[in-house]
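Trainee: Protein sequence lines, in the order shown, are assigned to chains A and B.
This note's numbering puts the first residue of the first sequence at 3, with every later residue one more than the last.
This note's numbering puts the first residue of the second sequence at 186, with every later residue one more than the last.
Since the hints were made in silico from the structure, they are not lab data.
Bear in mind that the values here come from a model prediction, so they are computed numbers and not experimental data.
Don't take every hint at face value.
[As the list claims (entries may be wrong)] Pairwise CB distance ranges (calculated): (1) B:K765 to A:N204: 17 to 23 Å; (2) A:N204 to B:S400: 54 to 60 Å; (3) A:F412 to B:L510: 53 to 59 Å; (4) B:L401 to A:E119: 33 to 39 Å.
[Unchecked claim] Derived DSSO-like pairs: lysine-lysine, alpha-carbon spacing no greater than 27 Å straight-line: (5) B:K694 to B:K635; (6) A:K87 to A:K121; (7) A:K141 to B:K416; (8) B:K608 to B:K635; (9) A:K196 to B:K608; (10) B:K308 to B:K694; (11) B:K416 to A:K55; (12) A:K196 to B:K635; (13) B:K635 to A:K55; (14) A:K325 to B:K694; (15) A:K143 to B:K456; (16) A:K141 to A:K71; (17) B:K330 to B:K308; (18) A:K109 to A:K121; (19) A:K143 to B:K757; (20) B:K694 to A:K140; (21) B:K416 to B:K239.
[Claimed, not checked] Examples of chain A residues toward chain B, derived with CB under 7 Å: (22) A45; (23) T59; (24) A175; (25) V240; (26) F407.
By construction, the Cβ of each residue, glycine as well, lies at the ideal position given by its N, Cα and C atoms.
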Amino acid sequence: MKHIVIIGNGISGITAARHIRKQSSHKITVISSETDYFYSRTALMYIYMGHMKFENTKPYEDWFWKKNKIELLRDHVVSVLPSSKSVALASGQTIRYDILILATGSKSNLFGWPGQELKGVQGLYSYPDLMAMEENTKKVKHAVLVGGGLIGVEMAEMLRSRNIQVTFLVREAEFWNNVLPLQEASLISRHLRKHHVDLKVNTELQKIEGDAEGRVKCIVTSAGETIDCQFVGLTVGVSPNIEFLKGSGIETNRGVLVNEFLETNIADIYAIGDCVERTYTLPGRRNIEQVWYTGRMMGEVVAQTVCGNKTRYEPGPWFNSAKFFDIEYQTYGQVAPTRHPDEEEFYWEHSSGKKAMHLVWNKTSKQFLGINTFGIRLRHECFDAWLRANRNIHFIVDHLEEANFDPEFFARHESEIIQDFYQQFPQYKPRKIVKA
Amino acid sequence: MKAVKLTGLLIFLTGFAIFNSLFFVGDYYLTPETAQRIIANPSREELFNAEAAKLFNTTVESNVTFVKRLTEIFNRINQKQLQHYQITEEDIEAIATQRSTPFSLATVDSVFRDNTPISIFKKKALHDFGGWLEGQSFNASADLKLQLQKVAATIYTYGIINNTGFDRYLRKDLTYALTKASANGPVKNNPDLFLLLTIGLCIAGALLFILPRLSLEPGIKNNGIFFHAMKNTGWLGIVTGSWLILFYILLYFLPQYMTNWISMVDPVSLKLNGYEAGRFFLYGFLYTLCILVMGVRMLIHYRHSKYQILRTLSVMFFQTAFAFLIPEILIRLNQPYFDFKNIWPLDYDFFFDNELDKLIAGGGLGLFMLGWGIALIIIAVPVLVYFFGKRWYCSWVCGCGGLAETLGDPYRQLSDKSLRSWKVERWMIHGVLVFAVVMTAAVLYTYFTKSSWVFFFDSYVLREIYGVFIGAGFAGVVGTGFYPLMGNRVWCRFGCPLAAYLGLIQRFKSRFRITTNGGQCISCGNCSTYCEMGIDVRWYAQRGQNIVRSSCVGCGICSAVCPRGVLNLEVKDEAGRFGKPILIGNNNIKIVE
Ligand SMILES: Cc1cc2nc3c(=O)[nH]c(=O)nc-3n(C[C@H](O)[C@H](O)[C@H](O)COP(=O)(O)OP(=O)(O)OC[C@H]3O[C@@H](n4cnc5c(N)ncnc54)[C@H](O)[C@@H]3O)c2cc1C
Ligand code: SF4
Chain A
3 MKHIVIIGNG ISGITAARHI RKQSSHKITV ISSETDYFYS RTALMYIYMG
53 HMKFENTKPY EDWFWKKNKI ELLRDHVVSV LPSSKSVALA SGQTIRYDIL
103 ILATGSKSNL FGWPGQELKG VQGLYSYPDL MAMEENTKKV KHAVLVGGGL
153 IGVEMAEMLR SRNIQVTFLV REAEFWNNVL PLQEASLISR HLRKHHVDLK
203 VNTELQKIEG DAEGRVKCIV TSAGETIDCQ FVGLTVGVSP NIEFLKGSGI
253 ETNRGVLVNE FLETNIADIY AIGDCVERTY TLPGRRNIEQ VWYTGRMMGE
303 VVAQTVCGNK TRYEPGPWFN SAKFFDIEYQ TYGQVAPTRH PDEEEFYWEH
353 SSGKKAMHLV WNKTSKQFLG INTFGIRLRH ECFDAWLRAN RNIHFIVDHL
403 EEANFDPEFF ARHESEIIQD FYQQFPQYKP RKIVKA
Chain B
186 MKAVKLTGLL IFLTGFAIFN SLFFVGDYYL TPETAQRIIA NPSREELFNA
236 EAAKLFNTTV ESNVTFVKRL TEIFNRINQK QLQHYQITEE DIEAIATQRS
286 TPFSLATVDS VFRDNTPISI FKKKALHDFG GWLEGQSFNA SADLKLQLQK
336 VAATIYTYGI INNTGFDRYL RKDLTYALTK ASANGPVKNN PDLFLLLTIG
386 LCIAGALLFI LPRLSLEPGI KNNGIFFHAM KNTGWLGIVT GSWLILFYIL
436 LYFLPQYMTN WISMVDPVSL KLNGYEAGRF FLYGFLYTLC ILVMGVRMLI
486 HYRHSKYQIL RTLSVMFFQT AFAFLIPEIL IRLNQPYFDF KNIWPLDYDF
536 FFDNELDKLI AGGGLGLFML GWGIALIIIA VPVLVYFFGK RWYCSWVCGC
586 GGLAETLGDP YRQLSDKSLR SWKVERWMIH GVLVFAVVMT AAVLYTYFTK
636 SSWVFFFDSY VLREIYGVFI GAGFAGVVGT GFYPLMGNRV WCRFGCPLAA
686 YLGLIQRFKS RFRITTNGGQ CISCGNCSTY CEMGIDVRWY AQRGQNIVRS
736 SCVGCGICSA VCPRGVLNLE VKDEAGRFGK PILIGNNNIK IVE
């Protein structure tokens, strides 16, 4: 029986612990400093908005861990000592391990703006951040958000739910245009404005200014505009949370460097989740992927390896999803913000301006590359299979109906989409008779 | 918008305050004519008149006093009757001294030879209650006396008041009817006006409160629910729950105190069915209005979801037409009262003798109703559950479900999601189902054999226990009163025997399931939080497993609140329904949890 120590009780660390327990009777200790129990970070916004209580975000009841003999320790690891195979804790304790799994997640980026340390200025990553936001937004009339990403738009929704005016500074031409093609980025931007978010595009933050008590009172944009505000949310991305590994001998770059078995340079030390940077490349994927699903998959994989079934981390086709106020978004495969010369695309938007689909394929081989969908749910199972099978665009369009995952009675748009598609690409002859 | 909402709230509260104050309004004035009309039994009337002289033609200020005086009158009458009719020591002595061995009931006849009503009663009672003494031998007359004393005691408890006085059922009915008929005052004189000032204002206020939501973008807006004193079991929730519980207790057990409310809807009742309103007319009327008004709220809240819109329209329709209007119209047409969508064992008295007799006496239509009711149980339930899941009933048709999905919707997040509560739920709901089946079997046994004793229990007692504890206590008081305390489906989840029956079929033989979308779940917990049945939906979703649970009523809210589009209510081929939990995403691992 080995002692497996996992640092971090987020989705990656907890998935690893659960799967190790399923397959073995190793002693498992999960050390984490943020909360006593695993909770869903992705649900932080819903606590602030009053949709849920913190209790509701815990995916397992508290008795679960004891019953499954997963020991939880609330403490902070200050250093890892590979020479003695132990970790030193803030409480002064040291704990020996046979196998160590780093699953320490991310922390919010700060780019050294003047005034970023003022009261009322913060990022949003952790539960303590959320409590701070609760405190910092009391009696706030106007807030400024900086950085147009997913956490930014969540913060916008959070603040709007409490009727706080929001000015949203976005560096790109439209919201999230660095990830979404312009059509979708515009669609979402319009929707944000409908929700009374004052979106300032092509705008960056220059500095934050405070009052005599050290509280934020306004910001100045790159264009020199001064905006009065009592709260500033900095949501310019996250980076791996790895400072405490300095001097441990574990190789890091931006994240903890791992090979395809999620092994670090030091034997018996693995890393998974947000804190990881892969040393090998996977086609169409970045080396640091800070999303829920990759953390979960890495947790599944490392558990196999640790239990003696050495397994490569090879995620399947990319997928992700999000929700922008009322508009749901799902993506499967690769839809880059701009078209590569080899790529061809088809964009459909519903007259309501709240539903859209964007398909991309290879011009010459016709191989389907990816899809973005807004306001229409699609079956992951279908697209996973179709992307793996390198299906061509014909096949996708003709089978679109099969992939619909919307609830019963919802308006269906496939026939309109298919018709538009063949109108725009008459050279692709429809395989099926399409009803108007 | 805020101003409109606030105005709505004020109007609603005004109407609600007037409604409650009616409890204290008016006085009571009983005339002998009224008493005669209501008691409608000459010998009981005589008893009543003798004791009620002081109450007749005097004004009593409050319903509490009036009811108290009636209670005293009935007590006095019963006391008197007991004294008159009890089998005395002398009677026993007289029978015992006859010394017939073995004992013969003929001795009783010889003791009570005169034909006074008292002797006739005593003779009959001793025959009825002491029949088992016939032919028994006693060594000493003391032994016989002991047995006779026992019989006398039984007659004292069970025989006298039932036959010659006012037993508790009769008292309850008469107290209610006499109070209602004696009520005097503004409500009685202006029922329409007060209907407008109470229920009318409540409806107008509620709608004004609800409608401004149209100005919000369509979509899930659960903002602030857990900060709300009403929706997170705060003080307002507790007050509301307490009010509902009190209302149900009055309705089921103390209707004599709510006669003002009932008088208010007399005109409506008269128009619909030609009779004055009873308490259950009032209840049905309010119930339907709650479903309609809160149904409008539901339609606005979920106007982005066709599934929710159709489902809500469906429960609004079935409540208004099937549960409320059609039965009233049937009464107007002199046909048996019948709710065509109520199904045994939820409709637990469907097989009661009085109900069966009523339907059989109802001629062709009555027999059709009987056949229809049975067909619902044995054909509609299994077939429709097979094709659509139990939701076809629980969240599209049922009245209890209809109230839960409309009036109860603001409380859905309060259901307990723990594994422990699931365990309790399975024991309780299946326990009630067994109880309902046993009770009904006993009642039917009695119906066909005319013997009330089944094994070691009395089928009348059994059905009364069921009626009080399950029918009124659980389904009513707890079922609705606990909305703000334990969520809107307490009855459906823990108590409804029909839900248990539908659920068994759904679990084992149905095409219905909730599917999960590959690996898209982020374990956020919205689905579990808003599951009114307390299903931990996330437990399944995050491991990529279909949700096949007997309790699922298919309301579809989990699918609506899921921010990642993970959940979908689907009916398709049974194969693969219990599919292995598989999360899509990894190439090298097929995780089977
Ligand atoms: C607001 C928000 C919304 C998001 N929404 C989505 C979404 O919709 N979809 C999606 O795919 N992704 C989303 N993400 C990203 C996703 O939550 C992360 O990718 C994921 O949680 C990372 O999991 P992890 O287990 O790697 O790390 P974490 O969840 O960060 O867990 C690491 C834990 O380790 C603890 N820890 C770190 N260092 C130490 C130490 N030295 N000692 C002790 N404990 C330590 C940390 O305190 C933390 O609790 C969101 C993130 C945020 C912040
Ligand atoms: S609401 Fe959706 S994403 Fe959230 S836990 Fe449920 S299924 Fe998963």
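Trainee: Each hint should be assessed against the structure and marked as holding or not.
Mentor: These are the hints, each one checked on the structure:
1. B:K765 to A:N204: 17 to 23 Å: violated (50 Å)
2. A:N204 to B:S400: 54 to 60 Å: violated (31 Å)
3. A:F412 to B:L510: 53 to 59 Å: Between A:F412 and B:L510, where Cβ atoms are some 32 Å apart, the hint is violated.
4. B:L401 to A:E119: 33 to 39 Å: holds (37 Å)
5. B:K694 to B:K635: violated (38 Å)
6. A:K87 to A:K121: violated (41 Å)
7. A:K141 to B:K416: holds (23 Å)
8. B:K608 to B:K635: Outside the cut-off at roughly 39 Å; violated.
9. A:K196 to B:K608: violated (46 Å)
10. B:K308 to B:K694: Violated, because 60 Å separates the two Cα atoms, which is more than 27 Å.
11. B:K416 to A:K55: holds (12 Å)
12. A:K196 to B:K635: The hint is violated at about 72 Å.
13. B:K635 to A:K55: Measuring from Cα to Cα gives roughly 57 Å; hence the hint is violated.
14. A:K325 to B:K694: Roughly 36 Å separates the two Cα atoms, so the pair is violated.
15. A:K143 to B:K456: violated (56 Å)
16. A:K141 to A:K71: violated (45 Å)
17. B:K330 to B:K308: holds (16 Å)
18. A:K109 to A:K121: holds (19 Å)
19. A:K143 to B:K757: violated (51 Å)
20. B:K694 to A:K140: violated (53 Å)
21. B:K416 to B:K239: violated (51 Å)
22. A45: Result: holds, 4 Å to nearest chain B Cβ.
23. T59: holds (5 Å)
24. A175: Cβ of A:A175 sits 24 Å from chain B, so the hint is violated.
25. V240: violated (16 Å)
26. F407: It holds, given that the least Cβ distance between A:F407 and chain B is near 5 Å, below 7 Å.
Comparing the model with each numbered hint stated earlier shows that hints 1, 2, 3, 5, 6, 8, 9, 10, 12, 13, 14, 15, 16, 19, 20, 21, 24, 25 do not hold.
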